[in-house]
Amino acid sequence: MNVLDYLKNNIVYMDGGMGTLLQAEGLQPGEHPERWNLEHPEVIVKLQKMYFDAGTNIINTNTFGANSLKFDHEELEAIIKAAIANARAAAAASTGTQEKFVALDIGPSGRLLKPYGDFDFEEAVAVFAETVRLGAKHGADLVFIETMNDSYETKAALLAAKENCDLPVFVSNAYSEDSKLMTGASPAAMVAMLEGMGADAIGVNCSLGPKALAPVVEQYLEKASIPVVLKPNAGLPREVNGKTVFDVLPDEFSDDVAGLIAKGVRIAGGCCGTTPAYIKAVVEKTKDMKPLLVEKKNITCVSSYTHAVEFGASPIIIGERINPTGKKRFKQALVENDIDYILNEGLAQQEKGVQILDVNVGLPEIDEPEMLKRVCFELQAIIDLPLQIDTSDVAAMEQALRRYNGKAMINSVNGKQENMDAIFPLVKKYGGLVVALTLDEGGIPDTAAGRVAIAEKILKTAERYGIEKKDIIFDTLAMAISAASNAAKATVDALHEIKHRLGCHTSLGVSNISFGLPNRDAINSTFFAMALENGLSAAIMNPFSGDMMKTYFAYRALHGLDENCGEYIDFASKYVPAAATTTAVTQLAAASVSEEYKSALQKAVVKGLKDQAGELTAKLLEETAPLEIVQNEIIPALDIVGKGYEEKTVYLPQLLMAAEAAKSAFEKIKASMSTENGEAAAKCSFVLATVKGDIHDIGKNIVKLLLENYGFNVTDLGRDVPPEVIVEEVKKQHAPLCGLSALMTTTVPAMEETIKQLRAEAPWCKAVVGGAVLTQDYADRIGADKYAKDAMECVRYADEINAGLKE
Amino acid sequence: MIRGKTYQAPPVNERECLRYAGCNFKETSAEERQLFADCLAEIEGKLSYKVCWDRFPVKTEGTSLDFGFTKVDSAGLAKNLEGCGEIILFAATIGLEIDRAIRRYTRLSPAKALFFQAIGAERIESLCDAFCEEQREALQAEGKFLKPRFSPGYGDLSLEMQRDIFRVLDCPRKIGLTLNESLLMSPSKSVTAIIGISGEEYQQEKNKCGVCQNSDCAFRG
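Going down the list, the sequences are from chains E and P. Taking our numbering, the leading residue of the first sequence gets 1, the next gets one more, and so forth. Taking our numbering, the leading residue of the second sequence gets 1, the next gets one more, and so forth.
Since the hints were made in silico from the structure, they are not lab data. You may find that some hints are simply not true.
Cross-link-like lysine-lysine pairs, in silico, BS3-like; alpha carbons within 25 angstroms at most [what the hints assert, rightly or not]:
hint	chain 1	residue 1	chain 2	residue 2
1	E	K352	E	K100
2	E	K243	P	K59
3	P	K174	E	K114
4	P	K59	E	K211
5	E	K489	E	K499
Go ahead and model the full structure; you've got the sequences and the hints to work with.
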């Protein structure tokens, strides 16, 4: 019998802990337990038989750490083959008459994935894939992915299992006391992602005892539409008379587990500290219980690596600003690979309160799949909001979805057969909530009825692909009312029908409605209110529009979605009409400045007041040429601070704060120049990198910031950069300067190698080195042109070289 | 058997934080203090303080040390463990959120990133201090004393030892701490160390930096 068939009508029992039992048999600290499958098969068979005798249905093979990071292929295959054979032998030897299955056990790799570790996502998938293929080849009945404490690694393992075998896959995560994974994911986020990807059962194991894990398990039971697994520890270890014991004994353990089975847990066992006695107690107390039916929860949601966002009564705001359409500065950022600018757009929207970020980086002149993948990755490194991946390029969509950490929102599919056939398989494979546009081969119907008909067609097709209604959200397309006066009505009527008759969630790109009209915010916000009243679940909109946000907060207050109107009051108290800000800056600029500083802007930069520096620059730009501001205000201010730093009267944080304030001023200047099409008289190119093997980049980033402030054209290659990549970039730009950073002694050889290659292939380029481990002596030994002890010294040297170029 | 524990946040030593950020406590500007306070407020409640540890015997012969699970050669460690027959091996981390904060600001506000770096450095040191103090008190009952902690990478003790430590303490599973190919740890604000258990009381140097050979360190106190 297939384990999934058995699961339909039965409570399924798993095994308990192996580690403590193996130690009692003589496993030494630090020894690989997986080798015992080969070296002591009789011990493994004996222990697993004890579990089968206790009533276990599923034995997990002794392969927790069996992967290609620890064992070469030959040994790995031998271990997995033996592990499955041992479990089969235990099943055969057991006197138990229950159904018996053997699960290929897969634990974490022990490495942390990028961006916070150095393990690449695809590498992780490949490592798990090898174990999965061997497990399937040697006859496992199912795959059990367990004790994962990082959502991203869990995704890699599940993807590997789905891509490399047809076996059922159960996935279990290890939660900390705060009911989160070590890397921050909540139970709801894990349920969203794992269910979306097609796990057959999900749940929790390890870390804590059954009482402490109960809150996590209950969240699983509330959110999951698939069977839930529970494999807790026997409580926590403590010392008694010099011996370590676990503090929850079989009786209490089985009571607690039985209580959670009564609430709906369908697969139960134990983890660290549990023994066959624990499993036996659980089986005895629950074998006559009727298993609870697993119900569909019909939750429409997306998730990030920390939390899930559910669609319900309260409208969801999706920030629209990461999108080049109609934005010159954003296009420039894309072309120049200026990821910081894009990240800033994300952070600023998060501060305004959006719950999801739309990400669209489509521009004909760039490699969209690569850029989309990179931007999503970089956004996920620093922003915990779920993303809406917005592209019409199917290849870009797949790459981004594959690497997305969570359950993404997918923008979009439409009613064209060809489009559905391309998009739905991706939704099915990677999971996701897909935005469905109500248009098809015949275009966008003028009537609401026409759009609803397309929605119904989309639902039918989705069903054929195994995608549920809850994972589709309809966009009934806001069209410009300036072109067709009835446009808003058709959109809203269709929305109403889809929400109330078809029972689906809806989303709109609201601002299209006012295209071609003056004072667009007035139309947008009123239309937004109309749509909300007719069942709009989510809006893709600009969170910087005061009018739109007013409507959002007022709607929630009016619909009783905002307790005591607290959020509305908070919003209203902070809301400042645009005109008022201008007055404040004018006053600031006019106020007398102490004699120490030449002007208000100079003072703002020296003091490191970022916002003020930006506002004052914007004000100055109304009457002063951009380059004049740079020459007369910003650079002198930076020099004051730089000199102070060199003389040790100013400390590093103040130097950086001033540099940031200057950057904010430069951002205004850059924006004004990109509208005027002016070009700054930039200094020469400077290629910058942290060398191969080193991931420390704070020093390098400080150097970058200051160099940019002083007008250098900086290309930042990031960290852990191979010598060839650095040399290639220097050659491409014929850059006269290259800065290399290293923090660890172990990576200085990589720096030396980079300089060697530069000498051979780009002899014109000066190499300046810095970083914690470097000294003048080291720098001389590895053949650098210059050792800069800090960022200011690097700027001074670069200025020297730049001046030399002009002569 | 490997033990694991989550600690309460130890009190913040602001003076140490500012020192790690390259500031002199007394001469810190008002703007710097404000930004530092903002950073502290932003990270509050987001850090987790986890330690896992176990006790091992040690046999010393000249500069070579045998811990049972591995053998290393280090004059510095041998001197540190003089007279010890046993050690506590531990790994500690304050979790990934500090790395997220650093990463979030590293390109957007290097000044804040610098403060988060400094806060992280102070937090992990304070956690190690809290752990060592707890162990010291526990061992006092047995009439035993602790030596100062010693980490791979100190003096002549090779970073390679990290691989053995991670294997024997099961750090990824116990406290969510991982080791990468360059032998660096993620989360980055983490420490692994050996503490010698001795029958005789050790006279602590007043200046923590006094025992270190690295005389041109920027942070030397």
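We went through each hint and held it up to the structure:
Taken as a hint, the K352 of chain E and K100 of chain E pair is broken in the structure, with Cα atoms around 54 angstroms apart against an allowance of 25 angstroms. With a CA separation close to 23 angstroms, the supplied pair K243 of chain E and K59 of chain P stays within the 25 angstroms bound. Among the hinted pairs, K174 of chain P with K114 of chain E is consistent with the structure: their alpha-carbon atoms are about 20 angstroms apart, no more than 25 angstroms. Our distance criterion of 25 angstroms between C-alpha atoms is broken by K59 of chain P and K211 of chain E, whose separation comes to about 42 angstroms.
As the CA atoms of K489 of chain E and K499 of chain E are separated by approximately 15 angstroms, the hinted pair is consistent with the 25 angstroms bound.
When held up to the earlier numbered hints, the structure conflicts with 1, 4 and fits the remainder.
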